[in-house]
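Given chain A, work out where chain B should sit, using these hints.
Here is how the chains run, residue by residue.
Number of protein chains: 2
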Amino acid sequence: MTKILSPEELEEELRAIGAAQYHDKHPFHKLLHGGKLNKGQVQAWALNRYCYQSAVPRKDAALMSRCHDRDLRREWIHRITDHDGQGDEEGGIERWLVLTDGLGLDRDYVISRKGALPETVFAVEAYVNFVRDKTLVEAVASSLTELFAPSIHKERISGMLENYDFISDDVMAYFKRRLTQAPRDANFALEYCKQNARTPEAQQGVLDALRFKTHVLWAQLDALYLAYVDPGMIPPGAFVPDAA
Amino acid sequence: MTKILSPEELEEELRAIGAAQYHDKHPFHKLLHGGKLNKGQVQAWALNRYCYQSAVPRKDAALMSRCHDRDLRREWIHRITDHDGQGDEEGGIERWLVLTDGLGLDRDYVISRKGALPETVFAVEAYVNFVRDKTLVEAVASSLTELFAPSIHKERISGMLENYDFISDDVMAYFKRRLTQAPRDANFALEYCKQNARTPEAQQGVLDALRFKTHVLWAQLDALYLAYVDPGMIPPGAFVPDAA
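Just so you know, the sequences run in chain order A and B.
Reminder that position 196 of the first sequence reads as 196 in the numbering used here, one-by-one numbering, no gaps.
Reminder that position 150 of the second sequence reads as 150 in the numbering used here, one-by-one numbering, no gaps.
The following block holds chain A by itself, in its conformation from the complex:
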C-alpha cells in the first residue's frame, strides 16, 4: 500500500481485517460456544485465557510508559482500573477468577500461570512487548480487536449458559461488563488511529498492528485446540484436566 487512505477508508480496512481473521472464526470458539466441549476443556480455556486477561493492565501500563501525551494517558488509565479494579470495584481480573473458581480450578494455580500452555504465554507477552516497542499509534491500534468483541461476548454468554450445566449466570459477569466497556474503548482507539495515522506508512503500521493482535488471539486458540481437542497433545507441565 503506498497511497494514503482517508480516515473512512482506514476504518473500512480495519473492519475488513476483523471480518477476515478475528478469533470468533476459530474452530475452538465454535466448539466452546456450541456446547461441544467437556468441562476439562472449558477449564483449560479459562485457565489459559487468564494469562491474557491478567496481562492486559501490564500492556496498558506499557502503552502509558512510552506516552508523552498527558491527555492520552488520562484517557487510557481507566483501562488499567477496569481490569485491576480500584477501591471497592473488583475489576475484570477478579471477575475472571470468579469464572475459574466456578469451574473448580484452584485460584492460586490459575494465578501462578504454571499450568498455562507455553504458546499462550509467548503470545501474551508478545502483545505486551509489541505495545512497549512499536509506535504509539501502532500500540493503540493493537487494541482494536475490541471493535469485534461485543458480538463474540454475546454469543459466548448465551451459548455457554445454554449449553453447559457447569456454567451459571454469575460466573459470566466478566463478559457482561465488557459489553459496555469494550465498545467505548474501541471507539476511542479507532478515532485516535484515524486522526493520528496520516501517512501511508503509519496507516500500514496500524493495519499490521491489528493483524498482529488477531494473531495473538488466534494463536492462543490454536494452542488450546492442539493440546485439548485434536489431537490432544498436552505439553509437559501444562494443565491436565481430571475429566477430559
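Simulated from the structure, these hints should not be mistaken for laboratory data.
Accuracy of the hints is not assured; some may be wrong.
The list treats identical chains as interchangeable, and a pair is accepted whether it falls inside one copy or across any two copies.
Below, in silico cross-link-like pairs of lysine-lysine (DSBU-like), each with a Cα-Cα straight-line distance of 35 Å or less [what the hints assert, rightly or not]:
1. K154 x K3
2. K134 x K36
3. K114 x K25
4. K25 x K3
5. K194 x K39
6. K134 x K114
7. K114 x K194
8. K36 x K194
9. K3 x K39
10. K39 x K134
11. K3 x K30
12. K3 x K114
13. K3 x K36
14. K25 x K194
15. K39 x K176
Relative to chain A, chain B alone:
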C-alpha cells in the same frame, strides 16, 4: 557486601545514602533556596525540572508494565494520577505548569522540552529505562528519594517565597501537595523493599537503585550549574534566559 541485612539495617543504609548524596546538598539548590539566583536561572531550573516531573507517570507506568502482582499495581496506580490528574483533580504536572506560567515561560515551549538541557533528558530517560529494565524491587527502591523530599520541599517553599519577588504562594502549590503525597508513597516503598529484598544480592540492588536515583537528581543540577551558573556554558539549542 555479602551478609544479609535485617530490614532495620537495610533501612539504616538507605537513609545513610540519602544523608550522603541526596540533591539537597547540591550547590545549585543552596543558591536556589537562598535567593541567590536571578529569574532567568530559576526559569531554567523550572523548565528543566518539568522534564523530570512529566516523566514520572511514564516511570510509574513502566513499573506497572512489568508487575505481575495485581495488589501492587492497585497500590501503585495513584502515583500516576497524582501527577497526571484524574477527572477534576488537576494533578502535579499541571501544578508544575502553574509554576512555569508564573515564571513567565511559554507553556507550549515548556511542554515541548525543546529548551531542556540534553543532560536533563538523558538523566530522566535513564530513570524511566531503569524502572522498566531492572528487577521490580530495584524499580520500587529507585523511588526512595521521596524519603528525603519533604525537608527539601519545606526549605524550598519558605526559601523561594522569602527570597524572590517573582515567586508567589500559588505557584508553589506543587511542593505543598507533595509534602503529604511523598511521605505516604515513600513509606510504602520502604516497607516493600524491606520485605522483598531478602538476599544480599537483592539488598545490594536496592541500595544501588537508590544511589542510581540520587545520581539522576544530582546530574540534573550539575547540568543546570554548568549551563546557567558557572561557567555559564549553555549548550546550543538550550533555553537562553532573557534577563540572565
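I want to check one pair: K134 and K114. Are their C-alpha atoms no more than 35 Å apart within a copy, between two copies, both, or neither? both (29 Å within a copy, 23 Å between copies)
How would you label the pair K114, K194 (within, between, both, or neither) given a Cα cut-off of 35 Å? Answer is between; shortest inter-copy Cα gap is 28 Å, intra-copy 40 Å.
Which holds for K134 with K36 at a C-alpha limit of 35 Å: within a copy, between copies, both or neither? Neither. Shortest intra-copy (39 Å) and inter-copy (46 Å) distances fail the 35 Å Cα cut-off.
When no copy is named, should K36 and K194 be tagged within, between, both, or neither for a Cα gap of at most 35 Å? Answer is neither; intra-copy 40 Å and inter-copy 51 Å both fail.
What label fits K154 with K3 when the C-alpha limit is 35 Å: within, between, both, or neither? neither (37 Å within a copy, 58 Å between copies)
First find the shortest C-alpha distance between K114 and K25 inside one copy, then the shortest across copies, and answer within, between, both or neither for a cut-off of 35 Å. within (28 Å within a copy, 49 Å between copies)
Alpha-carbon proximity context of K39 and K176, limit 35 Å: within (21 Å within a copy, 57 Å between copies)
What label fits K25 with K194 when the C-alpha limit is 35 Å: within, between, both, or neither? Answer is within; shortest intra-copy Cα gap is 26 Å, inter-copy 50 Å.
One pair to classify: K3 and K36, alpha carbons no more than 35 Å apart. Within, between, both, or neither? Classified as neither; 46 Å inside a copy, 59 Å across copies.
Measure nothing new, just compare the shortest in-copy and cross-copy C-alpha distances for K3 and K114 to 35 Å and report within, between, both or neither. between (47 Å within a copy, 33 Å between copies)
One pair to classify: K25 and K3, alpha carbons no more than 35 Å apart. Within, between, both, or neither? within (30 Å within a copy, 58 Å between copies)
Same-copy or cross-copy closeness of K3 to K30 [CA-CA at most 35 Å]: Result: close neither inside a copy nor across copies, 38 Å intra and 58 Å inter.
Taken one by one, the earlier hints fail for this structure at numbers 1, 2, 5, 8, 9, 10, 11, 13, listed in ascending order.
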